Amino acid sequence: MFSRDAGLLQGTVELLVLKRLSWGPMHGYGIASWIETATNDVLRVEEGSLYPALYRMAKKGWIKGEWGVSDNNRRAKFYRLTRAGRKEFEEQAAGWERLSGAVNRAVTADEGAG
Amino acid sequence: MSRMAGDSLWRRWRRAIRRDARLEFEEELRYHIEERVRDHIARGMDRESAERAVLERLGDLDPVREQCVGLMEAEWRQAERRRWLGVSWLDVKLGLRMLVKHPGLTVVGGVGIAVAIAVGASVFGIIYSMLDPALPLEGGDRVVKIQEWDAASGNTQALAVHDFEDVRDALRSVAEVSAYRRSIRNVIGGDGRVEPFRVTAMSAAGFRVAGVPALMGRALLAEDEVEGAPAVVVIGYDVWRNRFASDPGILGRSLRLGDASHTIVGVMPSGFAFPENDRFWTALRLNPSVWARGEGPRLEVFGRLAQGATLESAQAELAAVGAGLAAAYPATHEPFGLRLQPYTHAFNEPGAWVFHFVQLLITMLLVVVCVNVAVLTYARTVTRRGEITVRNALGASRARITGQLFVESFILAGTAALVGLGLAWVALRRLDLLLQRTIGDQLPFWFDFHLSPSALLYVGGLVILAAVITGVVPALKATGGQVSAGLQQLSGGGTGFGLGRTWTALIVAQVAIAVGALPVAVATAWENLLEGGADPGFAAADFMSIRLQLDREDPGRDEAETYERDYIARYADLQTELMRRMEADPSISAVTFAARAPGWEPSDRIELEAESGPSDSGVRIDPDMTNAGMQGDGLSGPVGFRVGVGRVAPGYFAAFEVPLLSGRSFEARDLDAATGPILVNQSFVEEIGRGAGVVGRRIRYARPEAAGDEGDAPRWFEIVGVVSDFPARVDPDQARARIYLPAGPGDIYPADLSVRVRDPGSTGVAAQLRALAAGVDPRLRLDDIRPLLDVNREERSFNRMFSLALAAVTLSVLLLSAAGIHALMSFTVARRRREIGIRAALGADPGDVLRGIFARAAWQLAIGLFIGLFLAAAFFRVASDGDAGLRQIATSLLLVSAIMLVTGLLAALGPAREGLSVQPTEALREG
Chain A
425 MFSRDAGLLQ GTVELLVLKR LSWGPMHGYG IASWIETATN DVLRVEEGSL YPALYRMAKK
485 GWIKGEWGVS DNNRRAKFYR LTRAGRKEFE EQAAGWERLS GAVNRAVTAD EGAG
Chain B
469 MSRMAGDSLW RRWRRAIRRD ARLEFEEELR YHIEERVRDH IARGMDRESA ERAVLERLGD
529 LDPVREQCVG LMEAEWRQAE RRRWLGVSWL DVKLGLRMLV KHPGLTVVGG VGIAVAIAVG
589 ASVFGIIYSM LDPALPLEGG DRVVKIQEWD AASGNTQALA VHDFEDVRDA LRSVAEVSAY
649 RRSIRNVIGG DGRVEPFRVT AMSAAGFRVA GVPALMGRAL LAEDEVEGAP AVVVIGYDVW
709 RNRFASDPGI LGRSLRLGDA SHTIVGVMPS GFAFPENDRF WTALRLNPSV WARGEGPRLE
769 VFGRLAQGAT LESAQAELAA VGAGLAAAYP ATHEPFGLRL QPYTHAFNEP GAWVFHFVQL
829 LITMLLVVVC VNVAVLTYAR TVTRRGEITV RNALGASRAR ITGQLFVESF ILAGTAALVG
889 LGLAWVALRR LDLLLQRTIG DQLPFWFDFH LSPSALLYVG GLVILAAVIT GVVPALKATG
949 GQVSAGLQQL SGGGTGFGLG RTWTALIVAQ VAIAVGALPV AVATAWENLL EGGADPGFAA
1009 ADFMSIRLQL DREDPGRDEA ETYERDYIAR YADLQTELMR RMEADPSISA VTFAARAPGW
1069 EPSDRIELEA ESGPSDSGVR IDPDMTNAGM QGDGLSGPVG FRVGVGRVAP GYFAAFEVPL
1129 LSGRSFEARD LDAATGPILV NQSFVEEIGR GAGVVGRRIR YARPEAAGDE GDAPRWFEIV
1189 GVVSDFPARV DPDQARARIY LPAGPGDIYP ADLSVRVRDP GSTGVAAQLR ALAAGVDPRL
1249 RLDDIRPLLD VNREERSFNR MFSLALAAVT LSVLLLSAAG IHALMSFTVA RRRREIGIRA
1309 ALGADPGDVL RGIFARAAWQ LAIGLFIGLF LAAAFFRVAS DGDAGLRQIA TSLLLVSAIM
1369 LVTGLLAALG PAREGLSVQP TEALREG
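These protein sequences, in sequence, are chains A and B. Our numbering runs 424 ahead of the 1-based position in the first sequence. Our numbering runs 468 ahead of the 1-based position in the second sequence.
Bound-form chain B, shown alone (with noise of 0.2 Å):
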């Protein structure tokens, strides 16, 4: 459409042109014709025989005619592209030599705009990729998904057995509705390694959706599903390249999934994962007769829309599907509704709204760095108010002036985009490394950060954006004013362009913005770096972390209560027979379980018992401590001491060689003690026993239903021992105080279990430990081992990702509010060049005048301080819930204030010193 719109403007501008010159050449032709017949007059000849010897002469003149308006048109075309070429590019050569001849601007302006593309780009990025990722199969936009849907809440989950068959028997605008659910299991088989992996029981039917055959083998089809077929398995490309080394005679050859043996009957082709980043599909079989309506394991359904129907055809009888199921049993479905959205779509969970907003937000933040840039570039083109006001005197019209100096903050804005790109680039692969290396097999296959074309679209209009502020804006505002004042005052050597109170405001609002938002951000980047290097403070470098965990079934109703308590056994039995063989084990020296890794124990609120003890009439808590906690941490409830709660194995501290301070530590006896024995920490007895011996004193929830008391009287727990704090360092969101019960095998599912390793760089590690649990039972999975180092690390890396991030945006505006204040300040001062030139020609002391302009550049300076510390005292109440970064957050504020002064104060004192070194005849000449 657009295209055909464009061809038509082309021709008719192309048919314009050659009209022109077809008018051009007979008038120049007219000309022509009428000298030679002149010239034969004046030789004698009558007019008639004049004319009549011209005519013959000239004979056929109709291909000359054509040649020459064809040449002309090419001439013209030719000269307008010349034209453009040109004076764009002398326009680009000055801008070039402005990037050279101002450094100062081209660093802090350049840098400002760097790091805000940057930081817009990744986030266009991201969002990009979240918001409307196309789903790559043929077709693949016709792929849709099905869910239940509460309109009120507008929570969306997946599909009940019963509903899904209805649903996939009664739609008709959707064929081939499908469903799968995933579970994890070992998978055993090939190269002998044991390793979890996720398994998808899918519809055979849902290989007809993605339209994808298999390599080699077969699809799942019908006749899989049916209960007691051979249990068969399709696996991915992958896992046939790399476990299998890429077998030929693969198929046929069984593979173990948990404690199930099947034949492999098919490989994909490389790069397909679907449904979501999948690559091992067992065939879905469903027994609907165990389960009642509405309930048993839920499933996920898509299909693709029928020939001939749209999206919204589909919806509307989905729709009336779901209220028929609704009016149908309205026991088990009230409220119940179905959505059906484009496939990918179901899988972005924030609404688009929210990825706009912070969108909008990002290009605010370009914005604001513009405007500080705009700052820098209006005082450089005042200083070439000379320049400009000749240009314009000499016939360069206002436009022209204005698309010079757009051209040269494009340049600007260009480069520093150049930058910014490659930032983001780094900045996205990093993020794509980081997802795929932590939760890589958790994102959808069709997941990819990265620049698409539309990014570098928007990071387009970034820049045109950024030159319009930084060099439309100032340009207009210093071409405004007359020409013929310009002139005069350029000859008087005064400064045209002022702005008065403008200045002034702009000078507060730059110091009270940045004194105002940038300590936090300075202190929460700096935190967060901090934290990252910290040290543990025990042997983490020697310890795995394993989740530990045990395939589950789907029981039917009838048997569901049974097998949830012989799970709960097995699980316990067989934890306790993997501990032993680990144990026994001569590459390990110690094992030990807990609830969660060190230092990521949840919070929770306790009450601390009176020293005194209870009273006859029940409980005393300390009086204190009913104020003493603290607000905001979302743990709803009445008030009391926040602490970490660690559920952990008898032997745990010495486990860890964490040194027991008071008391005793825990002994196989306590798993059953009725007195609730638990253990504190060394910030617990410092904070909440506020020093003293808390040995034998008791504590309880806050919330009862935190230790499952509900109805009975609130369980204590008594002290018995206190052990350093472990680990050392704990991330700043979280209590340092911590309180640890006692749990045994079988307490705490899935357990966290800590092995230590006598060679923790040996690369087999790993798989040495699932074939011990394998050994014990198939089912018995060891789905996360990592070193217990990168427990923390990888923990952190997305905050030190966001705190780089957040510490190069905060320098830069640092940087660029300093150079702000700077152009401020001095141009201001510069204004009154005149004025203190006077003054000191009539003779006063220049030390009451210098005292003058301090006094006026500290007032500016002080009502931004005073702002930006209200600011400041805002932010940080939103920002932060403790006091652990108000330290850094007083020193940060300390440093921003000091830096803004000082660069107020030094840009005032040049252009002051010049006043007064101006010869009093000079000073007043200039007006």
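Isolated chain A (complex conformation) (with noise of 0.2 Å):
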């Protein structure tokens, strides 16, 4: 799934796609470029698993595609996220956050605390 760090957990894709279409609509290019950048390229998305995620998302009814104009003038697909996603998107970030402060305490910690 992820080129560089394949262990990943499932569902952070989702909740990338989610993140980013909470700051508002993005086509599915758009998308991908934003995970790399703002993951410093550490997260590399394939486009086999980001159009599934896509498709799967919007059958949930989290986000919506709509055709419009891109910046450069072309006709391209957004996405847009549903209210239905916007609640999707705080209970998974809220989750995550409680996920991986876990993870972290637990893999920062020294010999002998808890």
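Just so you know, the hints here were simulated from the structure itself, not pulled from any lab data. Just so we're clear, the structure is a prediction, and the values are computed from it rather than from any experiment. Check the hints yourself; a few may be wrong.
As the list claims (entries may be wrong) - Listed below are the simulated EDC-like cross-link pairs for lysine to aspartate or glutamate, each with C-alpha atoms no more than 20 Å apart in a straight line:
| id | chain 1 | residue 1 | chain 2 | residue 2 |
| --- | --- | --- | --- | --- |
| 1 | A | 483 | B | 909 |
| 2 | A | 484 | B | 492 |
| 3 | A | 488 | B | 492 |
| 4 | A | 483 | B | 492 |
| 5 | A | 484 | B | 548 |
| 6 | A | 483 | A | 460 |
| 7 | A | 488 | B | 785 |
Reconstruct the complex from the two isolated chains, following the hints.
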């Protein structure tokens, strides 16, 4: 799924997509580029994973795809967050924070702690 | 066929969706690739290496493509469903809100539609049950009935013995041609009860046509039909269970049918009542030699279409057989035809078109009701013009708004339909019970009034029709105007959707129809409902009414005359003996008889001799009376007074304790008196004798043949006494004046015995009376034992049900009409609000303005009333044959007119006062 760090948790792509779309509508390529930039190229999402994830999320009713015009004046399909998607994002983000904090605490703990 | 078409449509739709999804995915992917190539180029790669790098990175995309297209397809279908449900759910919610927000319209419109649908569904249920009932037997659709048929008159009849045998032997396309005839016999045996039942003598082949094997023992066999074979009977399941307490050793026991003993050889399974509604089957023994061709008992003939035969081919062959018979026996078979029909169709007397016509009329009733509701809905739609105009301007299409109003009406009609279906269900249940109770044994066993799936389908159609009339038509009308004009008016507050003359026409029509049609209906329903609860004026509850019958055989042609004579003599003797035993019975206080139950005497016309008596030249008829007869009662011949003619035993009035008012009552010697002594009732004295004494005067039948006087001088009857009216009230269709002729045992067949019992509540009365009769002779049958009260009650039950339905329809139409007038009137006056306001602003006297408005409203109502009165008079001529209902009709006419007038004027008052209170500036701005 991820070229450099294959051990990432399932559902991370969905969370990242939701995060990007929480700022406003974006097309598939834009979402992929943002993930790479935002993670300093640590995470690279493949097209073979991104699009099925987008379509699955659309089917779940979290996001909605609509055709629009991109910055360079080309026809592109933009995805935007639905009300259900926004709620989902908040839940997933909170969950991620709890999980990553816990894992982080565990990983960085000294011997004998706890 | 349609399923296949539906299937392929579905597939085509799915393929189209898939193609679109694929195209969309490819376009999205192309954008993605081009952007990434652009990105690489921006970072310094040349185009060729950039494209290569991107394609390498993508790798094999086929599985991804399939996955994405599949997901997209699923999402689209889901969205489609959600859109459908989401939108209509909103409409449903809006519709429900409207029902609550306008309770008046909901109640008035709902009641109207519910009643109309109840009537429609009931009638449909009845018609469907009668028109094309299925014969509930294996392959029942191939069972056919064969009848003699006169093509010219359309009359059918059962076949004579010889013809049945010829048809049976000749016909190839119908297998197992069978026959049956039914007669009523006292069934004695089992638990010892004596009860008259229909006994069916049927060909053994008839059981093979039915294809139902016996539950125990056997069905009838060909050898049972042979003259001299032991008499056997097959009984129905109910008989075995109720009369023989499900005795497992039933086979071989004997059962008496009339005076003949039969051995029980079989029990048929539960529910089997073929060929009509039968419980006892004996072998049909034909003895054609004693009959001339074309004579003898008639046989009901049926069979099963042979393998490969169709109705058409069988009918063609049958017609040829019929033609052969007609040619061979021209003396007796001219004209002669044979007809074959699906079995159950032969039991539908009136033609199908009658049913369809009735159905059409009923559907029209719904349309009339719906048009009324539509007027109300339109008036409401107009008050919502603001909402509609704004929605229209915001981009909601006319179709969308119409659709929403349709859903609203659909909810109203659908809710009303549920209520209507409930009413129909109750009505059909009641009708079914009533029929089962009164004529249940005469109805075919497959007969069942119920709401079939097709009735529900019909009601579904009615609901859509109702929703279209009450929702779509007003919506199209209201959304038809220019939106900009609507918006303009919205800002001014004026009323935009005017119809002017149409409204006036609607008001006039509404009033005219209500005043014209309703009073007769109201009066008819009222009269019938009153009648049902009327006090009969004598101790009817103590009396049992009994039809006394004696079994008849079919003597051959040589013995017919002597048989008939002996039969009458035997009947007279047995009746005398039975009455003697009844009088001696301590539980019976009085016994008498007549030709009909009290109050149900047949009508005829009589002439009253003038008071001066016959002149020298012969007869002088009271000069006034030749014009006094009433028309239209179906009695042809010269005019005369219409009277009920009772033929009663000499002790009849004493048994019923009917007081004698003048003269004398009957005596035994009157039976043979040459003077023809008769009694008359009080109504006769009042109506025909004009209150003067009539004892000693003479009457005769206006139709000489009524007294059996063909050729002779007309017979005179002398009035010897006057009795009170008995019963006190009679059916409104019957003449109140009565004459009574004395009759002895044997003069009337069958006689209607009236037995006064000391304990009418006891349950065993009927069984006790039957045992008494069977003790005199097992062939003497008491067919129809009912409390005398029930004779009247049951005869009127159908009338009552009809009247209740009529009353419900009438009331709902009246309610609707009143609401319709209110809506129309307030609407038209509201349209003139501005004019009223301006006139008031210009200093007109408010009284003058109001008078002007009322004058116009009253004018519209008056035209409606005037036309309505003409219509009412026309209906009255058609619907009434006497002056009995005149007062009620006049009363209801006044009532309906008053309701219309008051409602109309009140409706005008509100908007008129509103108009007067409008500020002049406001009124002027409304333009």
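Review point. Which hint numbers does the structure go against, in order from smallest to largest?
Key: 1, 6 and 7
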